[in-house]
Amino acid sequence: MIKHLTRLIAGACVLALFAGCAERKTIDYSAYKQARPKSILILPPLNESPDVKATYSMLSQVTYPLAEAGYYVMPVALVDETFRQNGMTTPADIHQLPPAKLQEIFGADAGLYVTVSDYGTRYMVISSATIVTANAKLVDLKTGTTLWTGSATASSEEGRQNQGGLIGMLVTAAINQIISSVQDDAGYPIAGMTSARLLSPYPNGGILYGPRSPKYGTD
Amino acid sequence: MTLSSSAWRTGAGLLLAGALLAGCSSHKTLYQWESYQPQVYGYLKGDSKEEQVAALERDLEKIKAKNGAVPPGYHAQLGLLYSGLGKDDQMIQQFRTEKALFPESAAYMDFLMSNASKGAKQ
Chain A
780 MIKHLTRLIA GACVLALFAG CAERKTIDYS AYKQARPKSI LILPPLNESP
830 DVKATYSMLS QVTYPLAEAG YYVMPVALVD ETFRQNGMTT PADIHQLPPA
880 KLQEIFGADA GLYVTVSDYG TRYMVISSAT IVTANAKLVD LKTGTTLWTG
930 SATASSEEGR QNQGGLIGML VTAAINQIIS SVQDDAGYPI AGMTSARLLS
980 PYPNGGILYG PRSPKYGTD
Chain B
878 MTLSSSAWRT GAGLLLAGAL LAGCSSHKTL YQWESYQPQV YGYLKGDSKE
928 EQVAALERDL EKIKAKNGAV PPGYHAQLGL LYSGLGKDDQ MIQQFRTEKA
978 LFPESAAYMD FLMSNASKGA KQ
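If you read the protein sequences in the order shown, they are chains A and B. Heads up, the first sequence stops at 998 in our numbering, and the numbers go up one at a time, no gaps. Heads up, the second sequence stops at 999 in our numbering, and the numbers go up one at a time, no gaps.
The shape of chain A in the complex, shown without the other chains (with noise of 0.2 Å):
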C-alpha cells in the first residue's frame, strides 16, 4: 500500500515537471473547442482584496500570456475608455453586461472575466510575501456560455525558494521592462506571474492554443 502510494507520488511529480510537454486530459474541453475563440475581451477585473490598485495591475497583464497562447486581445485601454465613455465606470457593473452586447460593441468572440481575490503584502514576523491570486472564467460572447474557467496565485517569496522557476522565467519578457511608475507596486510583478500561470496553455486545466499559435489545434 505504501509503496503504491509513493510511486503515485512520485508519478505525480513527474508529470507535474512535464506538464508543459504531456498529453493527458479529463477535464471537458467540449465546449470551448466547438467554439473555437479567435478574439478575447478582457473585461476589467473585479477587485475583491483591499488594494484599488489590483484592477488596472491585472488588466494591464493579462494580455502577453493570452496573446501569446494564439488569440487576439482586445486593447485593453481602449476598451476601458469606451466602457468609461458609455458611463460604465465599475467592473462589477460591466461584468453584468449582456455577452451579446458585448459581441456587438467589440466584435469579441469571447470574454474573460477576471477576479483578483487577493493582491498585496503580508508582514509576518520574520519576513513578509506579496501574493497576487486570482480566477477567471473565459465566455463565448455569442452564447454566453462558459468555455473555461481557471485560478492562480503567485508569490514573492516562490523565487527566493527557488519555486516556480518556469513560469517565473515565461514571464520575465513581460515585466523586465519595468518603468519607473511602476516600481513602487510590489504587486505589479507578481500579478504578471499569476497572470501568466492562470492563462497559459497547459494540458488538463489550462487554456487552449488560440489560431494565431503554431500550436493551435495540437491540445
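In case anyone wonders, no lab produced these hints; they're calculated from the structure. Possibly wrong hints are sitting among the right ones.
[As the list claims (entries may be wrong)] Under the rule of at most 30 Å between Cα atoms (straight-line distance), these lysine-lysine pairs were calculated in the DSSO-like manner: (1) A:Lys817 <-> B:Lys905; (2) A:Lys812 <-> A:Lys994; (3) B:Lys922 <-> B:Lys939; (4) B:Lys943 <-> A:Lys880; (5) B:Lys941 <-> A:Lys817; (6) B:Lys905 <-> A:Lys812; (7) B:Lys995 <-> A:Lys921; (8) B:Lys922 <-> A:Lys817; (9) B:Lys995 <-> A:Lys916; (10) B:Lys976 <-> A:Lys812; (11) B:Lys939 <-> B:Lys976; (12) A:Lys921 <-> B:Lys976; (13) B:Lys922 <-> A:Lys880; (14) A:Lys916 <-> A:Lys880; (15) B:Lys939 <-> B:Lys995; (16) B:Lys943 <-> A:Lys994; (17) B:Lys976 <-> B:Lys943; (18) B:Lys926 <-> B:Lys976.
Once you've looked at the hints, dock chain B against the given chain A.
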C-alpha cells in the same frame, strides 16, 4: 568574496529549468513586447500621455529594427494616446494599422473610427 550556496543552487536550478524547457519546445515568443504592458498600466493610472507616446514610438522602431512582430493592441494603444492628445489623423492611422495587422479587431476599430468621424462632423 564567495558566492553563497543558495546562489549556486539558484543558478543550477535555472540551468536545469532551461534544459527542461528546451526539451519541450522552443521559447521564442510570437510577439516582441518591449514596454507595451507597463505603458498600458501607466495609461490606466493616468501617467503622462506624451511620455507614453514617446516610449511606444521608440519601442516600435526597436521592434521594426529586429523584424519583430508587434503585439495585439499596440497600435490601438498608440491610437488611444494620439486621440487623447488631439491628434486625430494619427489616431485614425494607428487604428487602421491595428485593423490591417489583426483583422479580428475590424469591428471594434470600425466602431471607434465611425464614432470619431461623427464627433468631427458635429
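Results of checking the hints against the structure:
no. : hint                  : in the structure
1   : A:Lys817 <-> B:Lys905 : holds, 21 Å
2   : A:Lys812 <-> A:Lys994 : holds, 14 Å
3   : B:Lys922 <-> B:Lys939 : holds, 25 Å
4   : B:Lys943 <-> A:Lys880 : violated, 40 Å
5   : B:Lys941 <-> A:Lys817 : holds, 25 Å
6   : B:Lys905 <-> A:Lys812 : holds, 25 Å
7   : B:Lys995 <-> A:Lys921 : holds, 28 Å
8   : B:Lys922 <-> A:Lys817 : holds, 29 Å
9   : B:Lys995 <-> A:Lys916 : violated, 35 Å
10  : B:Lys976 <-> A:Lys812 : holds, 26 Å
11  : B:Lys939 <-> B:Lys976 : holds, 21 Å
12  : A:Lys921 <-> B:Lys976 : holds, 22 Å
13  : B:Lys922 <-> A:Lys880 : holds, 27 Å
14  : A:Lys916 <-> A:Lys880 : holds, 18 Å
15  : B:Lys939 <-> B:Lys995 : violated, 35 Å
16  : B:Lys943 <-> A:Lys994 : holds, 24 Å
17  : B:Lys976 <-> B:Lys943 : holds, 22 Å
18  : B:Lys926 <-> B:Lys976 : holds, 22 Å
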